[in-house]
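Chains P and A, in that order, are what the protein sequence lines are. With the numbering used here applied, the first sequence closes on residue 132, and no number is skipped along the way. With the numbering used here applied, the second sequence closes on residue 139, and no number is skipped along the way.
Keep in mind the hints are simulated off the structure, nothing from the lab. Any given hint could be a false lead.
Chain P is nowhere near these chain A residues, computed Cβ spacing over 10 Å in every case [as the list claims (entries may be wrong)]:
#, residue
1, Ser10
2, Thr48
3, Val137
Quick list of simulated restraints, FRET-style, between CB atoms [unchecked claim]:
#, chain 1, residue 1, chain 2, residue 2, range
4, A, Thr51, P, Glu14, 32 to 42 Å
5, P, Ser61, A, Pro34, 35 to 45 Å
6, A, Pro17, P, Thr32, 21 to 31 Å
7, A, Ala123, P, Asp78, 19 to 29 Å
8, P, Asp64, A, Thr51, 15 to 25 Å
9, P, Ser43, A, Thr9, 12 to 22 Å
10, A, Thr9, P, Ser61, 21 to 31 Å
Here chain P is said to cover these stretches of chain A; the calculated rule only asks that three of the stretch's residues, wherever they fall, bring their Cβ under 8 Å from a Cβ of chain P [stated by the list, open to error]:
#, region
11, 14 to 21
12, 28 to 41
13, 49 to 59
14, 89 to 100
Note that beta-carbon positions come from the ideal geometry of N, C-alpha and C, so glycine has one too.
Chain residues, written in single-letter form:
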Amino acid sequence: MPTTTATLTLNTSEFSGGGAISKSTTLKKAGTATGIDQFTGISRVYQATVAADLSVVAAGSYADAQAGKVYIKNSTPDTNTAYLLVEMASNVILGRLYPGDWMFLPTDGTTDIKVSTSAANMYYEFGVFHEG
Amino acid sequence: MATASITLTSGDLTGDPLNLNSTATLTKAANTTPLDQFTGITTVYYPTATTAACIALADTASTVLGYADTTVAHKVYIKNASTGISDYVNVKIATTVVGRLYPGDWCFFPWDGTNNVDIDTSAAAMTIEYAVLSQSVAS
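Produce the complete structure using the sequences and hints provided.
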């Protein structure tokens, strides 16, 4: 089975008691020691106009109760104001990804994940690790 | 300034090796000023299975301690620090289940402060780590 590793390095040294932490996990199927074996690849999308509810994870395409993971990044250059609004299901707002921001989130295959662009000429990237 | 980096690697998931690196500088919404609040890395032990344990309390839901909302670039980190392979954490935004973190799994995501971030633990004797990096005032 494939071995896929996700590592977070969080540097908070300017805060009292902060420092650099590193957390690694090997992506496994739900409740097993078997590696996740399906991946969409990293898609890069150019969105020429402001658009709402662009699908990143369509829950109906995946089995439920899985240990999938989704990566999304706002890769829009030359601005710090154009954000991606990340929403779950029926427009339950999670948060905003400003240029350069990324996220790594579990997805269990029951909830749609969508993004909306706040400006024209935005780029974003995403990839889904899943169990089918 | 605080930074968050992700590395995704695999030599055998696809036909070509996966090697993705990305670093975000953690700034306030729509500007270059650093986020100015941090909870620290919090470790919580849940002796029993728990539903809707609050990780980050939305501004509108709080009369005591809440976060600025909407035009913000808060970030949330959660890790299932339990051992074994089967005990999972449901990560929820408001009442919507986003996904499951199995032992060792972590997540890092933006949060705009308008909905609570909660977790459910699936079993007794689970340990969770979390942190919130936030801005004190909306941009």
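Hint check against the structure, violated hint numbers in rising order: 1, 7, 13
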